[in-house]
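Protein chains: 8
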Amino acid sequence: VRRGYPEVIYCEGKTPEQVREIAARMYEKGSDVLGTRASLDHFKAVKEVCDNAVYYDVARIISIRANEAKKTKGVIGVVAAGTSDLPVAEEAAVTAELMGNTVKRIYDVGVAGIHRLMSKVDELRSFRVIICIAGMEGALPTVVGGLVACPIIAVPTSVGYGANFHGLSALLAMLNSCSSGVSVVNIDNGFGAAYSASLINRIGE
Amino acid sequence: VRRGYPEVIYCEGKTPEQVREIAARMYEKGSDVLGTRASLDHFKAVKEVCDNAVYYDVARIISIRANEAKKTKGVIGVVAAGTSDLPVAEEAAVTAELMGNTVKRIYDVGVAGIHRLMSKVDELRSFRVIICIAGMEGALPTVVGGLVACPIIAVPTSVGYGANFHGLSALLAMLNSCSSGVSVVNIDNGFGAAYSASLINRIGE
Amino acid sequence: VRRGYPEVIYCEGKTPEQVREIAARMYEKGSDVLGTRASLDHFKAVKEVCDNAVYYDVARIISIRANEAKKTKGVIGVVAAGTSDLPVAEEAAVTAELMGNTVKRIYDVGVAGIHRLMSKVDELRSFRVIICIAGMEGALPTVVGGLVACPIIAVPTSVGYGANFHGLSALLAMLNSCSSGVSVVNIDNGFGAAYSASLINRIGE
Amino acid sequence: VRRGYPEVIYCEGKTPEQVREIAARMYEKGSDVLGTRASLDHFKAVKEVCDNAVYYDVARIISIRANEAKKTKGVIGVVAAGTSDLPVAEEAAVTAELMGNTVKRIYDVGVAGIHRLMSKVDELRSFRVIICIAGMEGALPTVVGGLVACPIIAVPTSVGYGANFHGLSALLAMLNSCSSGVSVVNIDNGFGAAYSASLINRIGE
Amino acid sequence: VRRGYPEVIYCEGKTPEQVREIAARMYEKGSDVLGTRASLDHFKAVKEVCDNAVYYDVARIISIRANEAKKTKGVIGVVAAGTSDLPVAEEAAVTAELMGNTVKRIYDVGVAGIHRLMSKVDELRSFRVIICIAGMEGALPTVVGGLVACPIIAVPTSVGYGANFHGLSALLAMLNSCSSGVSVVNIDNGFGAAYSASLINRIGE
Amino acid sequence: VRRGYPEVIYCEGKTPEQVREIAARMYEKGSDVLGTRASLDHFKAVKEVCDNAVYYDVARIISIRANEAKKTKGVIGVVAAGTSDLPVAEEAAVTAELMGNTVKRIYDVGVAGIHRLMSKVDELRSFRVIICIAGMEGALPTVVGGLVACPIIAVPTSVGYGANFHGLSALLAMLNSCSSGVSVVNIDNGFGAAYSASLINRIGE
Amino acid sequence: VRRGYPEVIYCEGKTPEQVREIAARMYEKGSDVLGTRASLDHFKAVKEVCDNAVYYDVARIISIRANEAKKTKGVIGVVAAGTSDLPVAEEAAVTAELMGNTVKRIYDVGVAGIHRLMSKVDELRSFRVIICIAGMEGALPTVVGGLVACPIIAVPTSVGYGANFHGLSALLAMLNSCSSGVSVVNIDNGFGAAYSASLINRIGE
Amino acid sequence: VRRGYPEVIYCEGKTPEQVREIAARMYEKGSDVLGTRASLDHFKAVKEVCDNAVYYDVARIISIRANEAKKTKGVIGVVAAGTSDLPVAEEAAVTAELMGNTVKRIYDVGVAGIHRLMSKVDELRSFRVIICIAGMEGALPTVVGGLVACPIIAVPTSVGYGANFHGLSALLAMLNSCSSGVSVVNIDNGFGAAYSASLINRIGE
Ligand SMILES: Nc1ncnc2c1ncn2[C@@H]1O[C@H](COP(=O)(O)O)[C@@H](O)[C@H]1O
Ligand SMILES: Nc1ncnc2c1ncn2[C@@H]1O[C@H](COP(=O)(O)O)[C@@H](O)[C@H]1O
Ligand SMILES: Nc1ncnc2c1ncn2[C@@H]1O[C@H](COP(=O)(O)O)[C@@H](O)[C@H]1O
Ligand SMILES: Nc1ncnc2c1ncn2[C@@H]1O[C@H](COP(=O)(O)O)[C@@H](O)[C@H]1O
Ligand SMILES: [Mg+2]
Ligand SMILES: [Mg+2]
Ligand SMILES: [Mg+2]
Ligand SMILES: [Mg+2]
Ligand SMILES: [Mg+2]
Ligand SMILES: [Mg+2]
Ligand SMILES: [Mg+2]
Ligand SMILES: [Mg+2]
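Protein chains in written order, with the working numbering: chain A, 34 to 238; chain B, 34 to 238; chain C, 34 to 238; chain D, 34 to 238; chain E, 34 to 238; chain F, 34 to 238; chain G, 34 to 238; chain H, 34 to 238.
If you are wondering where the hints come from, they were derived from the structure by calculation, not from laboratory data.
Glycine included, each C-beta is placed from N, C-alpha and C at the ideal position.
Be aware that one or more of the hints could be misleading.
[Said to hold, decoys possible] Just a sample of chain D residues kept apart from chain E, beta carbon distances all over 10 Å, derived: (1) K47; (2) R58; (3) Y88; (4) D90; (5) K103; (6) I139; (7) Y140; (8) R158; (9) E170; (10) T175; (11) S212; (12) G237; (13) E238.
[Said to hold, decoys possible] Derived contacts from chain D toward chain E, CB cut-off under 7 Å, selection only: (14) A99; (15) A102; (16) L157; (17) M169; (18) G179; (19) A182.
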């Protein structure tokens, strides 16, 4: 199924050489290329063969643009709490941007400081779809879900320790959200959330 | 947040009398009412006070319409495999309909008989959003996801035994789907899937 | 260690006759008696021998007062969301009252409707200690924790289905709360929360 | 909510540079600063910019005092068994001290050598609140809970192997304590226990 | 391997008729017979054909003696805490007696009331082997293990709720006991503990 | 039981020296030798003493042939999806070949791109037994099982992250396959699958 | 894929009326019909419309034969230990027979009494494929696997209590079998084992 | 409780310096010293101060003898299967020897090669108590238990991969052993098994 999106390479577990080769092959065919979970070494290898490759370090994403990027009118909100969740939030935000979406980040709005989140309600309500990232108790999508009327894609992160069990606490919390309109992707899967949000966002274009 | 949907009562764990009372109160205020996980006894109690209450027995849903139902142009596809998953599929389908969506059911398309599913590809591609219900190995959303370009809400069911662990197998399978564009709700949560799908569907109206 | 509290009987798994006999024995020694997880049948059996026994049906508690109850100046807040969590909330509230505390209930303040909770901030800040009950995603203690400066005892409930795993989702969420000052008791353990809160509350008397 | 405590940096997963920068910013605003889960490298980076930074190596804590420390009259007891639990115990003890509490450590009182613990009963009874750290079978809070009448904050540690499952055994044991008055924080969360204990301790000041 | 013990029937999941038939067959061959997990109905069926059958109701054990019972000089101590653990404790104690051991019960010595346990130290030290039963936090074998120099067989019970997970908390606690000399049998397996203890006890005869 | 297969060394956790010594000993006795989970270092050590040792790097297998290899008429199909599963698929394929089987690989047929799999149906139906490798949602054996009438040995892989739990998602999915004729081996156990498939394949020779 | 086997109805969770209707429909088309997990009530309903329906009560199977049964020359061995595993063993054995296989049962050969099993070695070696059923520690397939050179399908059963976790102990044991040639089906899935064994057995016909 | 055994240091997680210091202190008091989970570095540090320290490398044990070792008449059998379990088996065997027991090792008797085990039956029956070590499916104690009449201490090991879950498979199998007379210690806890076995063995001296 052609969806008009970049070709994607999941870099984790691949050597820089393997990623370079796959990326070059795709790029030669005229595709935009998106590499996720990419280390700096992956990027350097790709850069050797694709001069216009760009690296987003927090998001750990490599992008190679073959075509002009378009921007949607509808906006995807990417909402997250602490600094520890930023790699996943940025993976979602950068992926969504590279898929042609207009993206607005709202960070540092953890549920333990509800007033900051409340001060963003108008902005939250302006989005067509929201990606909501949270680790630990994973409560953010539920609170946001109670404030807006658009669909929410929730991303649990593996940030935490002990009874966090590598993201299980946030995952279970999100699956049990008492706000309706929340659906969930795998732990740390910022890419997948962006993909779903992107499919939703373009319905309105 | 007012979203223009019926008021919802989650009937499980409530007595028929409690449900009757809550329903009556909502109905008097002019709301449409939707009761999920409702037994026949719940329905009979509601029927005593709301003459136009309707019961969907497979879906275990009570509906009381106070207002004219509209229907969307965009269609939500509800896709499921075996007969055991039908209660959850119907909970999703009926909820989506009662929220004003045009719904099309495609049942009996399990991945173990892939040819039946393949014969429905054109229809699958006509939907704006798909709700995909599956128990046991929970593979249906992945296969469907590879055939269509619209967002998919996946619902794992608790149907199975042994290493199924009450729906855990299907839940984990769906969270790990290798098809992009799939997000997941709680085990057996047909209602929640319909709610998310409905929020997505109306983006295109 | 004598703490001046009623003697407690955990009624679950005991026959009405066993509870009656234990209660009678305690009562004859001049103790106040508190029976938790008590059915109506437990209560009827106790009532036969202790005329002043009282039954709290939502809390499932039997109380027999031998002595005048005192009330603390400091107030324990009991904060909960939906109606399904009320049995546990009431187990906590009634236990705390029977231990001599002044108790204030704030119910129906789920995190999915954050505005109702925000309208209670002044009251929340007036408590010396808060017991916070929540099922499903268990987010309430974190949000409340961000609004107040007193200790919070969090009680996960087993309310939910599917990936809730009988309260595990709420339990893990609470143990991973990103609000400091939150400690946790066992799933559905309203009694234990009240006991801890009561020990804390009397520090200020 | 201002509670009059130091600002806290959770150093794990942050680079020395990030911690130095955050600490400097906080310190310049006149706050006391507390860095938890800090390595020696974190400390060295902070020390470059804040001359009066102090490092507690067992506790893995960095402290920068901007203001005079006060000491409570009420004492927090920090009770632990073996030497393996000391990092967590010290995280709790040092945090509590830096939050202005008078702290008394009682170490090396494991339940497998009950006589040593019994010889401390009078001291245990002199505390206003107790933080009780234990790994493996996590029994210490229950035994201590039976000896005192003050609230206990229990901290399970991840010390152990095999069926310990990284602290799960101690966590479950503490949540199931048959002593009342025990509430629990996350595995290895000495900081969180100190925070709760500190909120409790100042009720009596 | 003939060990000179009664033939054993595990009655759970068998009909009264099945148990009667098996018991009769064994008895006719001149064996002593021991039925565990036996209901009153199982017993009544057996009694019809074996007049000297005896029922131990708390232990849920049926015994039919074909031969004179001997008693060991060495004593097996059966140590337990609350009344809820008594069915398992009695399954152990009665099984051990029916296997020819001299048994001494020490009940009501939970670790939350350590003084009662301490008052039994001399008696505890007189046993050749101890069976130690505990539910919830499962701490009793560790504390007892620190007081005696004989081997301990620990039996976790499924008594509890919530994070007890049907005996998992006690099982893990016992496997992680920081007292040496403790080995563990399955949750609720009083029979198995008695069997092991009996093999140990007769080493000294 | 002699089955006419090579002697097998499981190299993981053994030093190169240990593997060299075991391999040499077996080889001297005239056996074919197969080393699984072998690193390049293991191979180099073996090569020192067995000149005809061969290394299969993707499969991580060392082979030393003492005897002429035969090939079966019946073919074992080795079917897998993505490149990440290739090490396990190759462990299966190479093992099967070294056990004397004719093997046909069908790779890159993930269920998210069902058309590629469908284009292989005739070939799939020509196999006597199929080894089907899949990670993540583990759906491949179910879909293949619906297309063929031969037995399938399914191998879950540990490829994935988050709610994949090191292969648990694929393992559970395969155990719950709604296609009949699928049986399952341990996560990543390509060797074991090849062994079972080989025993099946030679039934038809 | 037509495999020449009876049509199968999984009766659990279906009403007697539903099963009757499905069975009648299949039977009218000339198919053999096999109903698994069937209660006596299911059977009675089927018997009303299909006079030649037969009920296997231990196996909980309904069979309706429309066609003459053939018998294979190769024999499937069904090997099990205690009486508690018999329902699953019989589900496997009867299913295999109804699929046209010659079946030989070897029961009462638990690994705790290894001599009985050893006395059957010759018979075990005469089978073309073995179905091996075991609950509790699930060791039987490993021991049998060491004695024979044919493929083994292992079926864990849910028989047991406590740390058995509804068959998890046997399932994990079988997946970790140190005998090669063992593959595993879902807990209690006698039907699935028979299906796999049947596909294997007919390779040799 | 003085039991006449060496003082024990659990070296894992301690620095060589810490171990040296603790060992020296104990040794100076005239105690025998036993260090478990000791690396070569731990040993070298100890050797610097205690000239007669001995290192058992497979067992990872340091021993310092201050007193003459005695040997029991009764023999402890240490029974294990593959080479991978040897470190745990040797931890058990060496510990038992250093506690004064006569020890006999029977290795390489895995249940997948039952004939080797059967050839040892007479020797197995000569032991007073058996320590039985097994990983993976953990079946060895059950089979041995059916062959002997002495108590068995079972030790699951963490050897394996995939669904082994770090020893969980063997642990659960052993707890569910259908042989009576088997009790279990923590995963990899060879030391604890030796301690229990030693307490049992000296009953007969
Ligand atoms: N089947 C369902 N599964 C999950 N949540 C539901 C379901 N039906 C209703 N709900 C939610 O439950 C709320 C009503 O709960 P209550 O107030 O307890 O009746 C609704 O607003 C929905 O968000
Ligand atoms: N050891 C600890 N464990 C859990 N939470 C902590 C710990 N130390 C600090 N915190 C919390 O982490 C917050 C700071 O996190 P951060 O902003 O990422 O540095 C503090 O406000 C505390 O609530
Ligand atoms: N309460 C019990 N828990 C565990 N195993 C038991 C119990 N009672 C009896 N057994 C074992 O079950 C065997 C008898 O099982 P069965 O032949 O099914 O009656 C005995 O030989 C014992 O090994
Ligand atoms: N990759 C593998 N996974 C599981 N088992 C294996 C594997 N490779 C070899 N084995 C088994 O391990 C045995 C050899 O183990 P070892 O004696 O420790 O080298 C062989 O006989 C096989 O049964
Ligand atoms: Mg959060
Ligand atoms: Mg399915
Ligand atoms: Mg809630
Ligand atoms: Mg401890
Ligand atoms: Mg207890
Ligand atoms: Mg896959
Ligand atoms: Mg068995
Ligand atoms: Mg083994």
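Each hint, compared with the structure:
{"no.": "1", "hint": "K47", "result": "holds (32 Å)"}
{"no.": "2", "hint": "R58", "result": "holds (40 Å)"}
{"no.": "3", "hint": "Y88", "result": "holds (30 Å)"}
{"no.": "4", "hint": "D90", "result": "holds (25 Å)"}
{"no.": "5", "hint": "K103", "result": "holds (35 Å)"}
{"no.": "6", "hint": "I139", "result": "holds (16 Å)"}
{"no.": "7", "hint": "Y140", "result": "holds (15 Å)"}
{"no.": "8", "hint": "R158", "result": "holds (14 Å)"}
{"no.": "9", "hint": "E170", "result": "violated (4 Å)"}
{"no.": "10", "hint": "T175", "result": "violated (5 Å)"}
{"no.": "11", "hint": "S212", "result": "violated (4 Å)"}
{"no.": "12", "hint": "G237", "result": "holds (25 Å)"}
{"no.": "13", "hint": "E238", "result": "holds (30 Å)"}
{"no.": "14", "hint": "A99", "result": "violated (41 Å)"}
{"no.": "15", "hint": "A102", "result": "violated (36 Å)"}
{"no.": "16", "hint": "L157", "result": "violated (12 Å)"}
{"no.": "17", "hint": "M169", "result": "holds (4 Å)"}
{"no.": "18", "hint": "G179", "result": "holds (4 Å)"}
{"no.": "19", "hint": "A182", "result": "violated (13 Å)"}
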